[in-house]
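Trainee: Sequence:
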Amino acid sequence: MAKNLVIVESPSKATTIKKFLGSSYEVVASNGHVRDLPKSQLGIDIENDFEPKYITIRGKGELLAKLRKEVKKADKVYLATDPDREGEAISWHLSNALKLDGKNARRITFNEITKNAVKQSIKQAREIDMNLVDAQQARRVLDRMVGYQISPVLWAKVKRGLSAGRVQSVTLRIIADREEQINAFIAKEYWTLSGEFQVAGEKKPLVADFYGTTKEKIAIESKEQVDKIIGEIQKSEFKISDIKTSGRIKKSPLPFTTSTLQQEAAKTLNFATQKTMRLAQGLYEGVAIKGKGTLGLITYLRTDSTRISEEAKQSAAEYIKENYGEDYLNQEEKSKKNSKKIQDAHEAIRPSYVDLTPAQVKESLSRDQFRLYQLIWKRFLASQMSAAKYETKSVKIDSDKYRFTSASSKVVFSGYLSVYQTDEDKVDKKTLSKKLEKDMKLELGQIDKKQHFTQPPAHFTEASLVKTLEELGIGRPSTYAPTISVIINRHYVAKEQKNLYITELGEVVNNIMKKSFASIVDVNFTAYMEGLLDRVEDGSVKWKTVVENFYPDLHEAVELAQKELEQIKIEDEVTDVICEECGRNMVVKYGPHGKFLACPGFPDCRNTKPYYEKIGVECPKCGADVVIKKTKKGRRYFGCSSYPECDFMSWQKPSAEKCPDCGGAMVEKGNKLVCMDEQCGFVKAKEKE
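Mapping of the sequence shown onto my numbering: residues 155 to 843, in sequence order.
The set of hints was computed from the structure by calculation and includes no laboratory data.
Fair warning: there could be bad hints in the mix.
Label-pair restraints from in silico Cβ distances [to be verified]: (1) Asn270 with Asp229: 23 to 29 Å; (2) Val837 with Asp676: 29 to 35 Å; (3) Lys421 with Gln195: 52 to 58 Å; (4) Gln388 with Lys826: 35 to 41 Å; (5) Thr210 with Gln485: 52 to 58 Å; (6) Gly176 with Glu578: 28 to 34 Å; (7) Leu510 with Ala561: 39 to 45 Å.
Cβ coordinates follow ideal geometry from the N, Cα and C atoms, glycine included.
I would like the entire structure built from these sequences, with the hints used as guidance.
Mentor: Here's what the structure looks like:
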């Protein structure tokens, strides 16, 4: 009979651990959380010191009964949930639900599921860390307060089923603010100029880019300016005024944190953040590997740290020396410079067994598991390798007034590039002739001029949004993926290709939040709250102090919003569209995806139609009405009501005013009107209404 009981979160993790511990240990799974706040009510006793009212999660009663039977049989109980705040809280909830106070129950944690790590954790068993638990309780209670107090306001204003959240609402605002910057952006014209210089004895000309004068860099902003420069340089003689050859090094990258893994997986593998975390969870908990049994392939996946254990460093060093040579081994100590508290002081994400190469496990993994494991394995190995070395060569080509420049770079020692490369590591294959010498005269041949326009800020992708959230101190590794998933699933944000766009529904919700709950969607305030949770974790602040200071302002804002927003509640707008089924005038309704037309005779008549709002502008192609439409994923655009006969569309709102220069259509961008024809480029300020 097993004398020791180990409780983990998932069955796959239980299977992996069981084989390390032998017959005297029984390993069982709680299948995640067993207790939580009730869904049907706030679940927090405001009048009784904000005490949470935890209940057993529906469907977990039978599981808990089985766990209690196992507890009775055991002499010792080890709670082995994940090594973070949430894992600590799950262990605390298990301890309460299973009444382990009178039992010899201990908490164990391990950053990787290997034999050494698991056995070492049992030797270092400890009490449950209540500071970690309280930090998680504070987050859960704050999030519940925001969600359950603000969401009813949104139901009254827009539609039942909408939600607000402490982190999701500020994330939505960040996306909305970027959308406003993009819409307000006015493109500026600029030109680039390059020349082909004939080098004596060379068939291929040397291509160099216009820099400016010999004294300063010049930005070319118009066709007139570029034509004037070309006229002057065509009459000039050029010679090489300077040649420099130098070396530079590029240090190997740091190993992955949760944030950087999500970013790189999105960029190189096209994985959504949620998918990355799901696959990584599976690799961490254990995969059946042919000939080796079930193994946890990577370390814990929720971490801010780039620290690597000495044991892992040593294993990597031996692998690198054996497979690449001593020169490829990095001798420098590296760590991420970060003024924030590193969550839980975990290690970075790395392979549990560096000698278990991606090729060796490929047959045992799904295609996506393999691709993610390969990315993690290569990044970790690269982080322990030496820097790449480059030779760079630059040349300045001057006339009496103007300067052109050209440069090339080549790898002279690959270092970590032997294992891992990103798009940023790729170098231009351009080479400069060895025949180039200082004061050598060059003959200018063909000149190439190109017109460009400055580009607006890029739409957020999941990768760039995660990076921004991390930089602003909003959320933690465990919150990035679920936060993004929520705002997409709620149809506040649409994802098209890789880009994230705010939807009409998202704009409505964001405007309400900014107007009535400014502090909730304030980036600095949200980051400040994250800092307070860190102070709860280190024991310097009591978690109920954080909650009791937060609640009064929230309660006051909710009461004020309920009074104000009730006065402007959206009523059903009656249209001139006749329901073909019962003859009534159809009305405008709000659903989870935005506006639609519905028969007011519901439930007797259930007829619905898409709603297209006219903007009072004629289609520039066919003269029909321009209406507001939405893509399948909810992003708003302006299109012709005669589609598919007419295919006119624009992301910006068309104007009834025609361009005075070319007679073409104009669109509104911020406070300006801009001609849709980029070659025309007409811009003027909008007249105040």
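Trainee: For the range 28 to 34 Å, tell me whether the beta carbons of Gly176 and Glu578 fit it or not.
Mentor: 48 Å, violated
Trainee: Looking only at beta-carbon atoms, does the pair Thr210, Gln485 fall within the given range of 52 to 58 Å?
Mentor: 54 Å, holds
Trainee: A range of 39 to 45 Å was offered for this pair. Does it hold for the Cβ distance of Leu510 and Ala561?
Mentor: About 42 Å separates the Cβ atoms of Leu510 and Ala561, which means 39 to 45 Å holds.
Trainee: Cβ-Cβ distance between Lys421 and Gln195: within 52 to 58 Å?
Mentor: Violated, at about 43 Å.
Trainee: Does the hinted range 29 to 35 Å hold for Val837 and Asp676 at CB?
Mentor: Hint holds: Cβ distance 33 Å, inside 29 to 35 Å.
Trainee: Should the hint that Asn270 and Asp229 are 23 to 29 Å apart at their CB atoms be regarded as holding?
Mentor: 24 Å Cβ-Cβ, so the 23 to 29 Å window holds.
Trainee: Just to be sure I understand the hint, the distance between the Cβ atoms of Gln388 and Lys826 should be within 35 to 41 Å; is that true here?
Mentor: Holds: the Cβ-Cβ distance is about 37 Å, inside 35 to 41 Å.
Going through the hint list in order, the structure does not satisfy hints 3, 6.
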